[in-house]
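S.K.: Just so you know, the protein sequences line up as chains A and B, in that order.
All letters in the first sequence, in the order written, are residues 1 to 744 by this note's numbering.
All letters in the second sequence, in the order written, are residues 1 to 164 by this note's numbering.
None of these hints come from the bench; they were simulated from the model.
Using N, Cα and C, we set each Cβ at its ideal position, and we do this for glycine too.
Be careful, since some hints might not be right.
[What the hints assert, rightly or not] Negatives, chain B to chain A, calculated, CB over 12 Å: (1) Asp9; (2) Lys67; (3) Asp81.
[Claimed, not checked] Now the in silico label distances, taken between C-beta atoms and shown as ranges: (4) Pro680/A / Val12/B: 30 to 38 Å; (5) Gln118/B / Thr323/A: 27 to 35 Å; (6) Ser217/A / Ala79/B: 45 to 53 Å; (7) Gln118/B / Val672/A: 31 to 39 Å.
[Claimed, not checked] Reference listing, derived: stretches of chain B covered by chain A, where coverage requires no fewer than 3 residues with Cβ under 8 Å from a Cβ of chain A: (8) 22 to 28; (9) 33 to 43; (10) 51 to 62; (11) 105 to 119; (12) 124 to 134; (13) 138 to 147.
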Amino acid sequence: MSDKIAKAPEKVAGQPGRSRWRPTRRGFLIGAGIVAGGVALGYTYGVPWVRLQMAGIFDGAEGPPGSFPKEPWAWFEVLPDSRIRLYLMKVEMGQGVHTALAQVAAEELGIGWADLDVAQASTERDMGDSLMTSGSSSVTGLFEPLLAAAATFRSMLAGEAASLLGLPADQVVVAGRSFADSADAGRSVEFYTVATSRAEWEVPQEVTPLKRWQEYSVIGQSLPRVDIPAKVTGQAIYGMDARVEGMKYGAVVRPPTLVALPKSFQAGQAGEVEGVIQVVIADDFAGVVAESRAAAQAAVARIDATWDEGHRWQQAELEQLVTVGGSGGVVIQEVGDVSRWLGGEGTLTAEYRTPLAVHTPLEAQAALADVQPERVRVWCSTQGQGFVRGQVAKAIGVDEKIVEILPTYVGGGYGRKAGWEVAIEAARLSQAAGVPVHVGWTRAEEMRYGYFRPLTHHLLSGRVEKDGSLVAIEHRQASGDVAFDFLPPFMSAVMGADFGAYRGATIRYDVPNKRTVAYRRDMPLRTGWWRGLGLLPNTFAVESFVDELAHGAGMDPLAFRLRNLGDEGDSGRLKRVLQAAAELGEWGKPAPAGRARGIAATIDVGTPVAMVAEVSVDGGSGKVRVHKIAAAMDCGLVVNPDGAIAQVEGNIMWGVGSALIEELAVQDGQVVATNFDRYPLLTIQDAPEVAVVLVDSGDGKPRGVGEPPLGPVVPAIANAFFALTGRRIRQLPMNEARVKAALA
Amino acid sequence: MDLHINGTDYTVAEGSGRLLVYTLRDELGLTGTKIGCAAGFCGACTVMVEGVARRSCLTPLAEVEGKSITTIEGLARRAEDGAWLLHPVQQAFVDAQVPQCGWCMSGQIMTAAAYLGQNPAPTEEELVAAMAENYCRCGCYHRIRRAVVAAAGQSVQAGSEEAA
Numbered sequence: 001m002s003d004k005i006a007k008a009p010e011k012v013a014g015q016p017g018r019s020r021w022r023p024t025r026r027g028f029l030i031g032a033g034i035v036a037g038g039v040a041l042g043y044t045y046g047v048p049w050v051r052l053q054m055a056g057i058f059d060g061a062e063g064p065p066g067s068f069p070k071e072p073w074a075w076f077e078v079l080p081d082s083r084i085r086l087y088l089m090k091v092e093m094g095q096g097v098h099t100a101l102a103q104v105a106a107e108e109l110g111i112g113w114a115d116l117d118v119a120q121a122s123t124e125r126d127m128g129d130s131l132m133t134s135g136s137s138s139v140t141g142l143f144e145p146l147l148a149a150a151a152t153f154r155s156m157l158a159g160e161a162a163s164l165l166g167l168p169a170d171q172v173v174v175a176g177r178s179f180a181d182s183a184d185a186g187r188s189v190e191f192y193t194v195a196t197s198r199a200e201w202e203v204p205q206e207v208t209p210l211k212r213w214q215e216y217s218v219i220g221q222s223l224p225r226v227d228i229p230a231k232v233t234g235q236a237i238y239g240m241d242a243r244v245e246g247m248k249y250g251a252v253v254r255p256p257t258l259v260a261l262p263k264s265f266q267a268g269q270a271g272e273v274e275g276v277i278q279v280v281i282a283d284d285f286a287g288v289v290a291e292s293r294a295a296a297q298a299a300v301a302r303i304d305a306t307w308d309e310g311h312r313w314q315q316a317e318l319e320q321l322v323t324v325g326g327s328g329g330v331v332i333q334e335v336g337d338v339s340r341w342l343g344g345e346g347t348l349t350a351e352y353r354t355p356l357a358v359h360t361p362l363e364a365q366a367a368l369a370d371v372q373p374e375r376v377r378v379w380c381s382t383q384g385q386g387f388v389r390g391q392v393a394k395a396i397g398v399d400e401k402i403v404e405i406l407p408t409y410v411g412g413g414y415g416r417k418a419g420w421e422v423a424i425e426a427a428r429l430s431q432a433a434g435v436p437v438h439v440g441w442t443r444a445e446e447m448r449y450g451y452f453r454p455l456t457h458h459l460l461s462g463r464v465e466k467d468g469s470l471v472a473i474e475h476r477q478a479s480g481d482v483a484f485d486f487l488p489p490f491m492s493a494v495m496g497a498d499f500g501a502y503r504g505a506t507i508r509y510d511v512p513n514k515r516t517v518a519y520r521r522d523m524p525l526r527t528g529w530w531r532g533l534g535l536l537p538n539t540f541a542v543e544s545f546v547d548e549l550a551h552g553a554g555m556d557p558l559a560f561r562l563r564n565l566g567d568e569g570d571s572g573r574l575k576r577v578l579q580a581a582a583e584l585g586e587w588g589k590p591a592p593a594g595r596a597r598g599i600a601a602t603i604d605v606g607t608p609v610a611m612v613a614e615v616s617v618d619g620g621s622g623k624v625r626v627h628k629i630a631a632a633m634d635c636g637l638v639v640n641p642d643g644a645i646a647q648v649e650g651n652i653m654w655g656v657g658s659a660l661i662e663e664l665a666v667q668d669g670q671v672v673a674t675n676f677d678r679y680p681l682l683t684i685q686d687a688p689e690v691a692v693v694l695v696d697s698g699d700g701k702p703r704g705v706g707e708p709p710l711g712p713v714v715p716a717i718a719n720a721f722f723a724l725t726g727r728r729i730r731q732l733p734m735n736e737a738r739v740k741a742a743l744a
Numbered sequence: 001m002d003l004h005i006n007g008t009d010y011t012v013a014e015g016s017g018r019l020l021v022y023t024l025r026d027e028l029g030l031t032g033t034k035i036g037c038a039a040g041f042c043g044a045c046t047v048m049v050e051g052v053a054r055r056s057c058l059t060p061l062a063e064v065e066g067k068s069i070t071t072i073e074g075l076a077r078r079a080e081d082g083a084w085l086l087h088p089v090q091q092a093f094v095d096a097q098v099p100q101c102g103w104c105m106s107g108q109i110m111t112a113a114a115y116l117g118q119n120p121a122p123t124e125e126e127l128v129a130a131m132a133e134n135y136c137r138c139g140c141y142h143r144i145r146r147a148v149v150a151a152a153g154q155s156v157q158a159g160s161e162e163a164a
């Protein structure tokens, strides 16, 4: 089985509204059919009511909305060698989604694993309105549509095979890449022969019956990832690797400050650099096309640009800006009446902060654009090819219909490859120069000119009865935007607070009085999508504070959490992962000398996760060491257990880096870091040992995996630090300076 | 100028100050060698020169002219029947299902292969130290450790991770 980047399929004229499906020499091609989706919003009940309802929808959502093709030919093609190719609109960025979705398809196709081929669909293929590859939603969103499409496809082929073999439909079985007579294996017909035997196909009206989940044999197996052979041999192609004949290299002028606006661009000496093909100057944009990257970058530095540099923002000003309070708070959770219980004696309060951070995927933003008068093609590392298509069309002034985006493997997404800047840059340069142009950002560009995880600020208050039951908690949080910068303005007008920023902010314990309020803060730099969106900062604050309440009540932090969770529904699931993580992490047993353990949990996109972290600290240097993290996750029915475990492991490492070292500093109006010397990442030497257990809630339903495990990592570490030292660090990262200050 | 890469001779334009990573990727189409930071911090561009790990983003062509360069594309070998035989480090990375996004993996594998080529029986601590300057943003460190230990022919001994 191989996983490859598909060539654009040839277009086939289809009649809208009819289910048609035409084979050609290449096998099945696409019919017509675009699935549309939309959200209608009402003001009938008043804005605060709508906001609270929407907050409930977005906060509790098991994956964002989206719609997927129901027609089997949108997904499948029979190749001339009778393998079946599965086309996917979801991109592979290391989360194993191509493998997991292939398993889902293989389950109902009923063919051998080696006879299934996976290909990345370009935007030329009508794959519906599936939003992005984001939100831990690929498997949960595609699970049922893909099972149904696979079952229908198989049933249509089997029916035709039966007719070709002169057999009743229930007497043909799959034999390798053929259908055969179940009574006589010698009578068979290859898939490709079946597929090319008809000019038109009708999709059966009746729904093809699906297997019960208890009968699954491919789903639930830790099959090897389909993309890994190409990734260990250097054969996998990413956006930074995209190459076509005659291509040139581009670079673009960057602003000197976070808020600078261009006043004028002039070519200056740029054209004199050897290898320069064209200097491209527009009102809002200036760049160079050259024979090599080095020439393009050298020339761009010689373009004369003047700027309105604006205010030179400082770190402290940004922190001040992102502070809870004043008007504009949006209530996103309201249960009981916290005001009756909080504020007086017995109320505990605490304040938390998290810093700016940058995704800095090791493959920087990259795109290759070939802009021709009748056809525009862009090969791109992207999580959102549909958005890139629209943005590119708009930027170069062409009809979206002539623009094709060909997603490549993505060399690290984490939310950052949901942007489209580099695709626009490559397209504008290609349009101007008339040649294909590749733009690959430098590390400095990746550090400074994309978007960031916003600063956040959290104020929490809570009260606990003498018996350890929570009476009331309030969480007020302020954050820069996460989702709104990427959505139509009406969303922010209706919702008021950014659902991305408050993801993970609500209180999930069973408390009779709880309230969460989100304050949207407009920051002078672009902030946006991040793995788990607000999950990391919010869970850090909430689960650190719950730990404070436990210690304040003189209770064991695990016992306190269990005491305040019921046994039913999500509460029960959260309780069970807490118990499983505690067992795996040896909670309650003495830690090795000089170490202590902390626990934290969250539920995100319907997936509860709990972790126990074991840490030590070097009092001299202030360096915290995370020795081990034990994790338990209930993501329901697991398609590929090893793949799910790998996602937990990756989230843990990402969380350890955010907990201990990652902080993007701003000084004099600009991001300080231009490379990893000023923004170091976690290394293998500081990586903890990891143990993961998957807990299945047993309802046959898959749930999101890619982001939920990020939630508990940071608070588990912070809580362990408190258990070890008796000191609480409430501002990330827990770097050496902060640790020394806390211990002083 | 002649470069010997993966057993093949390539003639590239003169200009000895050019950096190896761009020549590999942009001139010769050997995109298996990745570029991460272009400043020697991340290790994504690691290749072998005469069997020694080198950051190709810091290596001018003049330093490798006439020397034997191995990239990820040249690490596996063809068997007599034409099948690919993965290098033990590559095989270990497959067995442990290490890569996620995969962008850093050529550098991880080349670093490990070069190190094991010179230190066939390292301790786990030494191995981890040898891998310590290769970033993995997806956080595959747990599995990288497992894979390089397996490739070194060692078994993970209880307690050794604690000491590392």
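S.K.: Enumerate the violated hints, using their earlier numbering and listing them in ascending order.
M.R.: 5, 6, 10
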